[in-house]
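**Q** One letter stands for each residue in the lines below.
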Amino acid sequence: MLWACVRLPSLALDAALRRREPPDRPFALATGTARQRRLVAVDARARMAGLAPGQRLAAAEAVCGDLLVDEYDPRATREALALVAAWAYRYSSEVRLDPPRAVLLEVERSFGLFGAWLQLQARLRGELSALGFRHSIALAPTPRAARVLAGVRDGAAVTACDALPRALAQVPVARAGLPEAAAAALAGMGMRTLGAVLALPRAALQRRFGQALVEALDRLLGARPDALAPYRPPDRFDARVEFGYPVQHQPALLFPLRRMLGDLAAYLAARDGGVQRFTLRFVHADAPPTDVAIGLLAPERAAAALFEVAKLRLEHVTLPAPALELEVHADALPPFAPEATDLLDARAANALPWPQLVERLRARLGEDAVYGLRADADPRPEHACVRDDGCGAPALPALPPRPAWLLPRPIPLRGPAPKILVGPERLETGWWDGGDVRRDYYVLELASGQRAWAFAAPGERGPFMLHGWFA
Amino acid sequence: MNAVVALDGLIRERRVWRGRPAALPPGAQPTGIAALDAALPTRGWPEAALTEILLPADGVGELQVVLPTLARLTRQGRRVVVVAPPYVVYAPAWQAAGLDLAQLSVVDAARGDIAWALEQCLRSGSCAAALGWLAQADDRTLRRLQVAAGSGQALGFVFRDRAALANPSPAALRLEIERHGLRVHKCRGGNPPAPIAYARS
Chain A
0 MLWACVRLPS
10 LALDAALRRR
20 EPPDRPFALA
30 TGTARQRRLV
40 AVDARARMAG
50 LAPGQRLAAA
60 EAVCGDLLVD
70 EYDPRATREA
80 LALVAAWAYR
90 YSSEVRLDPP
100 RAVLLEVERS
110 FGLFGAWLQL
120 QARLRGELSA
130 LGFRHSIALA
140 PTPRAARVLA
150 GVRDGAAVTA
160 CDALPRALAQ
170 VPVARAGLPE
180 AAAAALAGMG
190 MRTLGAVLAL
200 PRAALQRRFG
210 QALVEALDRL
220 LGARPDALAP
230 YRPPDRFDAR
240 VEFGYPVQHQ
250 PALLFPLRRM
260 LGDLAAYLAA
270 RDGGVQRFTL
280 RFVHADAPPT
290 DVAIGLLAPE
300 RAAAALFEVA
310 KLRLEHVTLP
320 APALELEVHA
330 DALPPFAPEA
340 TDLLDARAAN
350 ALPWPQLVER
360 LRARLGEDAV
370 YGLRADADPR
380 PEHACVRDDG
390 CGAPALPALP
400 PRPAWLLPRP
410 IPLRGPAPKI
420 LVGPERLETG
430 WWDGGDVRRD
440 YYVLELASGQ
450 RAWAFAAPGE
460 RGPFMLHGWF
470 A
Chain B
0 MNAVVALDGL
10 IRERRVWRGR
20 PAALPPGAQP
30 TGIAALDAAL
40 PTRGWPEAAL
50 TEILLPADGV
60 GELQVVLPTL
70 ARLTRQGRRV
80 VVVAPPYVVY
90 APAWQAAGLD
100 LAQLSVVDAA
110 RGDIAWALEQ
120 CLRSGSCAAA
130 LGWLAQADDR
140 TLRRLQVAAG
150 SGQALGFVFR
160 DRAALANPSP
170 AALRLEIERH
180 GLRVHKCRGG
190 NPPAPIAYAR
200 S
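These protein sequences, in sequence, are chains A and B.
Residue numbering for the first sequence follows numbering that gives the first Met the number 0, beginning at 0 and increasing consecutively.
Residue numbering for the second sequence follows numbering that gives the first Met the number 0, beginning at 0 and increasing consecutively.
Among the hints, erroneous ones may be present.
[To be verified] Sample of chain A residues with no beta-carbon within 10 angstroms of chain B, all distances over it, derived:
(1) Pro8
(2) Leu96
(3) Pro98
(4) Gly176
(5) Ala198
(6) Phe254
(7) Arg258
(8) Ala284
(9) Gly294
(10) Leu313
(11) Ala368
(12) Arg373
(13) Pro380
(14) Pro400
(15) Ala470
[Unchecked claim] Mimicking DMTMM-like on lysine to aspartate or glutamate, the simulated pairs with C-alpha atoms at most 25 angstroms apart in a straight line are:
(16) A/Lys310 to B/Asp138
(17) A/Lys418 to A/Glu459
(18) B/Lys185 to B/Asp7
(19) A/Lys310 to A/Asp367
(20) B/Lys185 to B/Asp138
(21) A/Lys418 to B/Glu177
(22) A/Lys310 to B/Asp107
(23) A/Lys418 to B/Asp57
In short, the hints are calculated from the structure, not lab data.
The beta carbon of each residue, even a glycine, is placed where N, CA and C say it ideally should be.
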């Protein structure tokens with residue numbers, strides 16, 4: 000087995016930055032009570048300005064006047080780690096969460112599908128960057144070794160257990176993930192690197208430092224199996240963004256929305272599922288939350304398509320009050336069957352398959368704005384044309400000419416007496432459901448050249464009721 | 000010069016006006032009406048372009064001009080969309096005209112959304128033809144539709160009142176329905192032919 004460790008060195012900062020537009024000033028996260036606020040994480044600009052985690056906020060603001068500060072949110076940080084694990088599930092069936100800031104995945108069995116480590120690694124890095132996480136990745140035969148290597152040397156890859164001691168020899172003891180007490184004692188004895196520790200006789204180590212250190216070393220080198228609970232992705236998707244300030248306008252909502260639907264898409268890809276219904280919930284300060292349900296005709300999982308539909312749907316929603324929080328919930332995650340596309344089919348760059356076009360039209364024009372038609376065998380013209388309900392077309396009797404346009408309801412036909420072209424055609428039917436009609440239909444030509452389909456009372460030749468146009 | 004354009008291609012796409020009209024290769028979209036096919040320079044609808052059909056009133060035979068084409072397209076299994084029809088699309092009559100109703104879709108749109116919906120359908124490349132009833136459309140809207148029809152390789156049909164003839168239009172073909180025939184006011188690839196005698200059935 001080969002384990003890849005995805006280490007997220009600035010997870011808290013990335014989780015905060017993913018929720019907002021990229022700041023144009025130094026940015027830091029702070030926590031603590033109002034009087035004892037301390038920095039938890041700082042971005043590159045703030046670091047350049049001389050700030051560091053652990054600093055008092057008051058001191059930091061004195062050093063850096065235009066510092067942008069956000070509240071450190073441990074829950075958001077945990078959720079971000081869970082998201083990375085859900086994403087990693089796409090590449091391996093064995094994913095382990097390694098809090099606070101690493102995810103381990105077994106990749107050897109995935110090489111057949113995704114290509115050798117170099118290709119898979121490039122792919123992992125590309126997708127992590129797109130998701131907005133800074134990362135370091137390492138490969139090793141044991142999970143612990145992968146984690147240690149990821150913390151020391153980004154991109155390290157060791158594929159055999161025999162090579163592990165040499166690869167780990169230069170790792171400082173403090174960063175080898177050993178029990179803390181033992182690591183401090185070893186450093187105090189002058190053993191700075193893991194190589195020096197591994198060179199010592201095991202029995203002496205056990206006598207002096209206890210069982211814990213030896214077990215840790217054995218796990219590191221693969222002599223003892225490692226027990227981390229495997230990760231199982233949940234059966235629903237929930238994501239949440241707090242804005243920190245009230246947001247009323249559409250454009251400010253779109254950035255976090257795009258990010259969240261991107262997360263949803265990554266999550267769906269990992270599950271090999273799709274989503275057909277999901278809910279956007281806007282939480283207000285002093286009003287009940289606004290729910291916007293979004294339904295699709297067929298399961299979908301492309302981030303761009305989900306965002307497009309949600310955006311069009313939102314254009315028709317007015318929020319009763321500014322939103323403080325945006326949540327995305329998806330309960331039903333049906334299996335997803337990707338549309339089969341032709342390898343040699345050259346389509347225009349902005350081509351849109353019919354189902355997606357319908358989604359787009361429905362999102363803007365309304366749920367039932369797009370429909371098909373079906374002819375029905377009912378002799379009454381009003382009932383002979385129905386929306387397509389999948390019943391299939393019945394065999395129709397041969398009828399005298401029918402107009403291409405039908406008026407929703409008949410209106411009186413005014414003007415000079417028209418010329419009768421065809422008729423009368425007697426329709427006397429509908430007794431079975433109370434919608435009884437007795438009419439004589441005529442095809443009329445008006446003075447203007449229009450051809451009308453109109454009816455009169457049985458046996459009479461006027462006044463006419465206009466019911467359709469022969470267009 | 001960043002691209003070399005073949006002269007033949009330009010001529011075949013009827014983008015170059017030539018004083019002496021040359022015989023053009025027949026198009027792939029015959030109208031199904033022999034008299035109209037014979038009069039049009041491409042022997043059919045302009046492909047991947049917008050056609051404007053102008054009428055004095057509803058019910059003068061405006062659909063009879065396009066129904067043979069729509070019947071042919073739907074029978075080939077290609078999608079036809081009707082955007083914001085002015086009346087109920089009466090399925091029995093359209094079926095009797097030879098259309099496969101399974102390939103026909105109707106889109107209801109409010110007045111302000113008609114042009115948008117039509118443009119989406121034309122641009123998507125998944126519709127063979129889209130019909131729209133535009134009450135008012137400015138030059139810019141029609142130009143957008145014309146470009147959309149070109150990029151989506153679709154036939155666009157816009158039905159308008161004949162009062163719109165007073166204004167120029169970017170449509171590739173402008174066809175007026177008259178009392179006893181059809182009159183071409185503008186067509187790509189040649190001078191407009193003489194009025195066409197055409198009796199509606």
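**Q** Does A/Phe254 sit more than 10 angstroms from chain B, CB to CB?
**A** Holds: least Cβ distance 24 angstroms, greater than 10 angstroms.
**Q** Beyond 10 angstroms on every Cβ pair: is that true for A/Leu96 relative to chain B?
**A** holds, 43 angstroms
**Q** Against the 25 angstroms threshold, does the CA-CA distance of A/Lys418 and B/Glu177 hold or violate the hint?
**A** holds, 19 angstroms
**Q** Beyond 10 angstroms from every Cβ of chain B: is that where the Cβ of A/Ala284 lies?
**A** holds, 34 angstroms
**Q** Given the hinted pair A/Lys310 and B/Asp138, is their alpha-carbon gap at most 25 angstroms?
**A** Answer violated: A/Lys310 to B/Asp138 is near 28 angstroms, above 25 angstroms.
**Q** A cut-off of 10 angstroms on Cβ-Cβ distance, and A/Gly294 was said to be off the interface with chain B. Does that hold?
**A** Non-interface label on A/Gly294 holds, nearest chain B Cβ at 18 angstroms vs cutoff 10 angstroms.
**Q** Has the given pair, B/Lys185 with B/Asp7, been kept, meaning a C-alpha gap of at most 25 angstroms?
**A** holds, 23 angstroms
**Q** If we take the beta carbon of A/Arg258, is the closest beta carbon in chain B still more than 10 angstroms away?
**A** holds, 26 angstroms
**Q** Is A/Lys418 within 25 angstroms of B/Asp57, Cα to Cα?
**A** The given pair, whose Cα atoms are some 17 angstroms apart, holds under the 25 angstroms limit.
**Q** Below or equal to 25 angstroms on CA atoms is what counts here, so check B/Lys185 against B/Asp138.
**A** Answer holds: B/Lys185 to B/Asp138 is near 15 angstroms, not above 25 angstroms.
**Q** Is the Cα-Cα distance between A/Lys310 and B/Asp107 25 angstroms or less?
**A** Distance of about 20 angstroms is within 25 angstroms: holds.
**Q** Take a quick look at A/Ala470 and tell me if its Cβ sits farther than 10 angstroms from every Cβ on chain B, holds or violated.
**A** violated, 4 angstroms
Hints 11, 12, 13, 14, 15 and 16 from the list above are not met by this structure, while the remaining hints are.
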